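The lines below spell out each chain.
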Amino acid sequence: MMEKLIFGRYIPGHSFIHKLDPRSKLMGAIWFIIIIFLANNWLTYLALTVFVLTAVKLSEINPKFFINGVKPLIWLILFTVILQILFTSGQTIWFRLGPVVISQEGMLNGVFIFMRFVLIIFMSTILTLTTMPLSLTDAIEFLLRPLNAVKVPVHEIALMLSIALRFVPTLMDETEKIMNAQRARGIDFGEGNIYQQMKSIVPLLIPLFVSSFNRAEELATAMEARGYKGGEGRTKYRQLAWENRDTIVMIAFGLLSVGLFLLRT
Amino acid sequence: MDIRFEEVGYTYQPGTPFQSRALFDINLSIKDSSFTALVGHTGSGKSTVLQHLNALKKPTSGQVTIGDRVITNFSEDKGLKSLRKKVGIVFQFPEAQLFEETVGKDIAFGPKNFGLTEEEGLAKARELLPLVGLDESFMERSPFDLSGGQMRRVAIAGVLALEPEVLVLDEPTAGLDPQGRKDVMDMFYNLYKNQGLTVVLVTHQMDDVATYADHMIVLEKGTVMKEGHPRDLFKEAGWLSSMQLGVPSTVRFAHELEEKFQWMFDPLPLTTDELAEQMKEKLADKAGESL
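Quick note, the sequences are listed as chains A and B, same order.
Just so we're aligned, residue 1 is where the first sequence starts under UniProt numbering, counting upward by one.
Just so we're aligned, residue 1 is where the second sequence starts under UniProt numbering, counting upward by one.
Keep in mind the hints are simulated off the structure, nothing from the lab.
Quantities reported herein were computed from a predicted structural model and do not represent experimental measurements.
Glycine included, C-beta positions come from ideal geometry on N, C-alpha and C.
Check each hint, because a few of them may be wrong.
Stated by the list, open to error - Taking lysine to aspartate or glutamate and the EDC-like style, the derived pairs with C-alpha atoms no more than 16 Å apart in a straight line are:
| id | chain 1 | residue 1 | chain 2 | residue 2 |
| --- | --- | --- | --- | --- |
| 1 | A | 199 | B | 100 |
| 2 | B | 112 | A | 176 |
| 3 | B | 81 | A | 191 |
| 4 | A | 177 | B | 127 |
| 5 | B | 78 | A | 188 |
| 6 | B | 105 | B | 127 |
| 7 | B | 78 | A | 141 |
What the hints assert, rightly or not - Label-pair restraints from in silico Cβ distances:
| id | chain 1 | residue 1 | chain 2 | residue 2 | range |
| --- | --- | --- | --- | --- | --- |
| 8 | A | 170 | B | 17 | 45 to 53 Å |
| 9 | A | 53 | B | 42 | 37 to 45 Å |
| 10 | A | 67 | B | 190 | 54 to 62 Å |
| 11 | A | 134 | B | 260 | 48 to 56 Å |
| 12 | A | 237 | B | 17 | 55 to 63 Å |
| 13 | B | 148 | A | 251 | 53 to 61 Å |
| 14 | B | 193 | A | 170 | 37 to 45 Å |
| 15 | A | 63 | B | 9 | 26 to 34 Å |
| 16 | B | 65 | A | 241 | 39 to 47 Å |
| 17 | A | 151 | B | 175 | 38 to 46 Å |
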């Protein structure tokens, strides 16, 4: 199952979006999630859709992969949409059965919520597919920097984030290896009743934790041996550079926001 | 138990941007009671082949026959358990699979999964400890208190406890000291000799291949390049190095002697003993000539 998960992985490329500064991409994606709640009619949703599809086009990534990204969440989305359709009351009622009401407004709401989900997933997929996890942590560190003033350990948070991201694939490999080893010893993962399934997780979790402890200790030793003493007085190898195209993207987001304000009812 | 691969292909993550083909139409067979060495450069597909041997992976094309079971892409996952009991795999760095509170329980874990009682499993563990070079005092110790080499032995005992008919070893001696290496390999060899076990060894150690294996399969970029007796394959040192593989130290030394003294070694010596024997003969001849 893990193999099919597209969301949250990086595809190398040289498109316009790939070359953007991670800060502009991150701010854009967050801003997008905020302004999507401004949309409340067909025109605004149309504007958002055109915006997202343009971004997909600019990222030069096969659109199929975006649809694959939605697939794992499709049941959650449909569940929400159906609840929305069944329990929104409205003026034009098409069908009624006890508390269950299908109205035109409910239908419309359902469609809008569906679009909202899909657009947000598309937007965040663009962000993760075109940005290296490490650049993303650099961007987070930069954007959190003002919090230093209120004694938030921004450097430490960024360090933990980048180490965590770096070890996600390693731990995934490790999980797969241990799973295989235990399967070879006669464990059936994901079979039997809930109690049996939970029990079968133990031979996977304990070795994973043990190896994480060992790994952490080795990593800390190696970092100290290389002279790491904390954030104070460090320089940066990867410098973030804001360029014209980033300003253009910010302007595009600004125009979109203004447009939404004007078009919403 | 025979294992046969017919036109086996395997693709990782098909239908995603990360899709990559690991195996291309592989045909090979591992005969009952043989000692097969699977060698190849890193990334040649050895580990993928290995995971097909007990159906941890199913081929995306072609079919694998394990004993009387045929595994294809469409095979169901049901009933693979009995297969896994027959084909035991010792993965690379198997010490990572230990998890129970005591060594005894950990070794008994596999047998218990295949229906033995706790007592029977523990009895088996007690039986196996001396075989892997540990004594009974280890039964009650926590596996996490042991040294790396001892953990490795416990993990190997945990696989042997399944009493497999085929034993698959993925670099079982990686990271061990020279004595530990020899002990572990000799133990596997004795199992093969005395109990008629079929052994499949994946390794980079050509000396081990020369000393123990009677069949050798060379993989490169997901295809089988050559297979045969190690003695025949090691004759082609140039070809092997083009596969980024070496020859055993005895063979290298024999080649140097051939070049320097125009000696011809026939058959090609694979172990130090064989080499010494042939050198003795050659030197005796020489002494005879000069008299």
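Status of the hints after comparison with the structure:
1. Distance hint between residue 199(A) and residue 100(B) is fulfilled; the C-alpha atoms sit about 13 Å from each other, no more than 16 Å.
2. Straight-line distance between C-alpha atoms of residue 112(B) and residue 176(A) comes to about 22 Å, which puts the hinted pair past the 16 Å bound.
3. Restraint check for residue 81(B) and residue 191(A): satisfied, since their Cα atoms lie roughly 12 Å apart, inside the 16 Å limit.
4. Restraint check: the Cα-Cα separation between residue 177(A) and residue 127(B) comes to about 28 Å, which exceeds 16 Å; the hinted pair is violated.
5. Only pairs whose Cα atoms come within 16 Å are accepted, and residue 78(B) paired with residue 188(A) is accepted, the gap being roughly 10 Å.
6. Taking the CA atoms of residue 105(B) and residue 127(B), the gap is near 13 Å; set against the 16 Å cutoff, the hint holds.
7. Among the hinted pairs, residue 78(B) with residue 141(A) is inconsistent with the structure: their alpha-carbon atoms are about 49 Å apart, more than 16 Å.
8. In this structure the hint that residue 170(A) and residue 17(B) lie 45 to 53 Å apart at CB is violated, the actual value being about 21 Å.
9. In this structure the supplied range 37 to 45 Å holds for residue 53(A) paired with residue 42(B), their Cβ-Cβ distance being about 42 Å.
10. Checked against the given bound of 54 to 62 Å, the beta carbons of residue 67(A) and residue 190(B), roughly 56 Å apart, stay inside it.
11. Take residue 134(A) and residue 260(B): their Cβ atoms lie about 54 Å apart, and the range 48 to 56 Å holds.
12. The hinted range of 55 to 63 Å is not satisfied by residue 237(A) and residue 17(B), whose Cβ atoms lie roughly 28 Å apart.
13. A beta carbon spacing of about 58 Å between residue 148(B) and residue 251(A) agrees with the range 53 to 61 Å that was offered as a hint.
14. Taken as a hint, the range 37 to 45 Å holds for the pair residue 193(B) and residue 170(A), whose Cβ atoms sit roughly 39 Å apart.
15. The given range of 26 to 34 Å is respected by residue 63(A) and residue 9(B), whose C-beta atoms sit roughly 28 Å from each other.
16. Checking the proposed 39 to 47 Å range against residue 65(B) and residue 241(A) shows it is violated: the Cβ atoms sit about 58 Å from each other.
17. For the pair residue 151(A) and residue 175(B), the supplied restraint of 38 to 46 Å holds, since their beta-carbon distance comes to about 45 Å.
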